[in-house]
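Sequences are here, hints too, so could you generate the full structure?
So the chains spell out like this:
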Amino acid sequence: MLENSIFVLLALFLLLGSAGMVGFKQTLFSAISFMMAMLALAGMFALLDNSFLFLAQIMVSVGAVVVLSLLVIVSVNVKEENLPKEPAKFRWMLFAVVLVAPLAIVIYKALTYMPHTWAKTGEGYGSLKMMGMTLFKDWVLPFEIVSVLLLAAMVGAIVIARKEPSNDA
Amino acid sequence: MEHVSTTSPYFGVFVLFVITFGAFYATTVAARWASRALARKDTEKLKLSIYECGPEVTKQPNRISTQFYLFALLFLLFDVEVVFMFPWAIDFKLLGWFGFVEMLMFILLLTIGFIYAWKKGALEWHNIK
Amino acid sequence: MFEQLFLILPMAIVVMGAFVLLLLSKTFSLDKLNLVAVFFLSLSFIIEILRFGTTTVCYSFPEIFGKMYIIDDFSILFDLMFTAGAILTLLINTAYFKSRNYYNGEYFALILFSVFGMMILAHSNELVTAFIALEIASLSVFALVGYHKYNKVSSEAMMKYMILGSMTGAFFILGTAFIYGAVGSTNLEDIAAYVNVPAEKDLVLVLIGGIFIMVTILFKMGAVPFHSWVVDVYQGAPFPVTMFMASTFKIALFAIALRLSLIDFASLNIVWSEILQVITVLTLIGGSFLAITQKSIKRMLAGSSVVHSGYMLIAYSSIGLGSDMAAPAIMFYLISYFLSAAGAFGILSFIATGSKKMMTYEDFKGFSERRPYLSAMMAIFMLSLSGFPSTIGFLGKFYIFTSAIESGQILLAGLGIVTAFISVYYYFKLIAMMYFYPSTDQQKKFPFDFSGLLIGVMAMMVIWGGVGTSLIPFIPGANGLIDIAKQAIDSLQNVL
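Note that the protein sequences, when read in sequence, are chains D, Y and F.
Its first residue numbered 1, the first sequence is counted upward by one per residue in my numbering.
Its first residue numbered 1001, the second sequence is counted upward by one per residue in my numbering.
Its first residue numbered 2001, the third sequence is counted upward by one per residue in my numbering.
Just so you know, these hints were derived from the structure itself, not from any lab.
Glycine included, every Cβ here is placed at the ideal spot set by N, Cα and C.
One thing to keep in mind: the hints can contain errors.
To be verified - Facing chain F, from chain Y, some residues (calculated, C-beta under 8 Å):
1. Tyr1116
2. Lys1119
3. Lys1120
Stated by the list, open to error - Once the Cα atoms are required to be at most 25 Å apart in a straight line, the calculated DMTMM-like pairs of lysine to aspartate or glutamate come out as:
4. Y:Lys1045 <-> D:Glu86
5. D:Lys137 <-> Y:Glu1081
6. D:Lys79 <-> Y:Glu1044
Next comes the structure, spelled out in structure tokens:
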């Protein structure tokens, strides 16, 4: 019962945050809504007993991604009148909702086809210890190429974001 | 179904945190809405001008170097790297030399990136104008 | 141990090359960096070509990696195409990047990272690995598209591609999650085993997961409901990058798509075919429309690349309807499209080295008088792209339509032939512009250079592949190529 009520609460926050992220005109409000959604998602992971994902979610999504976007928003400081005009925004959003409704039905169908009985989770499931053993014993190749992914992303970010000293003029 | 998390003493704190955050958020939106709705709209010129001890207020050029974004992006990337180290540190003894070499390779690859960023001058402050 | 290391050597060489290039990017000149990059890629290429056809299907480091990294003729053939594509991109554009001031050393490292991602993608036998590999390849390409960062068109193209690409990339991992939910494993063999012994009800989950994975692949191919980025991104990207994307990156997606449909979802293919038929029809018609309406040559080639995806999708949907010819036909078409498109983009960037304006049809008026050899080669590539007999493009289309007819999709084959006739309009318009209009400039003497020679060799290969006679027994003609493709596909099916 407790889990269910917490789940409903978190799901509510997740939905509100996501809707707010898309709906708000002011970018700062959007970013804060996004942060709320990410926090609620972290709560979901905690509810699933998965401490590693909880930690990663808080550290990366909330701690870094949201802070990064907030930094951009605050430093660019767009005035309200300079924001792009979106006259029929909510009509478009309604249109988009109608458009993706079949997709939502498909996902719902997929979820109803999920097996209803789950294997009982073993001792220490979702703990950092178990997660680490799975990650470093069974998923060696993905783990190693993630570092190449990060490296490529870093090079790309530096190339795109850095101002070349020679082109200063 | 018995959840470890829900019985953990800190879980309540986290839920409280999320709820507080939601409440804060709701109040902010409500306050904004309320002040918009209730405030008297007075568009007198003097009232709207900014008081700056006499001198004319000049508009500050709002240009911030992209260097800051670069720092934030690099922080994000190294942050992701660090996340992988937590479970590794906990399982260090269990994994033994194998895990050690594995992590060494992971860090080595990112160190190459770090050296590159350093040589490129992406971490230097002084070329921010 | 060393045997195992030898198996991953080509991939390791490419990623080592990327590291070396990164660390040298400040100290070496662009010319030297280019040579270093080509050196590493050719080393990898040579090892792969020695290995092709001699290795049996095996896994690298099975006790450490699990069964995630597979080595078979199929992936080796794709590796050969990736490395060859990157080498050609680098060598043909040696003059181009010197004429633009925005290039620096990381350009080469990013290309090598991208090739590394594609190689892992071709070798991956597991969905999460495939996802990460796809992301490595795409992230590098995102950065390459926006390389001209002081140009608004280039930056806009990058933003558009990055946002749409990341969003559709998420579908891949969502689909993987669904499949994991049903099967309990992301390994392709486990999934194949699960799918082939169906427990009726649970296949829905696999099917939906597969559809989501397909969304990502179709988006990156530029099939029609997901095509809105293609023309803008191809136009905004610098010429070498457009060439790299059109010729090499597109091939990588077929690597994973073929592996999935031939191993993974083999018994579900009937269901795919229906979806794919609709997408194929849309892609052929929409792509033709995109290509016809363009004035700029670069945009026209971008639009026509959508049509070429459509041709390959014809064969792709025939796989499920029991055509044995379909999969080798796709491989053959990939090789033919790779040669012709890389050649056409290569010539464009070769010409663009000297001028900075956008190239429209008008600019090619009387080109044959100014540069007779280049325009002859351009004409060859255009003929091949439109599928004119005696070029490799004709044979590619021939195999594709054969496979469609073999599987009973007569209407689809008919539509493909109609689209091929439409494509004659926009390809031959360029040939007409080059040959039937007087030149405004005088013929100038142009220095002979290496890029031109390379494009010439590619034009010869296009003709050679089409004429189909193995004049010299060592180098395969068309029959040899289709045999190679069949051999690669066979190696894929031996796994089960």
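*State the violated hints by number, sorted upward, taking the hints as numbered earlier in the document.*
When the structure is compared with the hints, only number 4 turns out to be violated.
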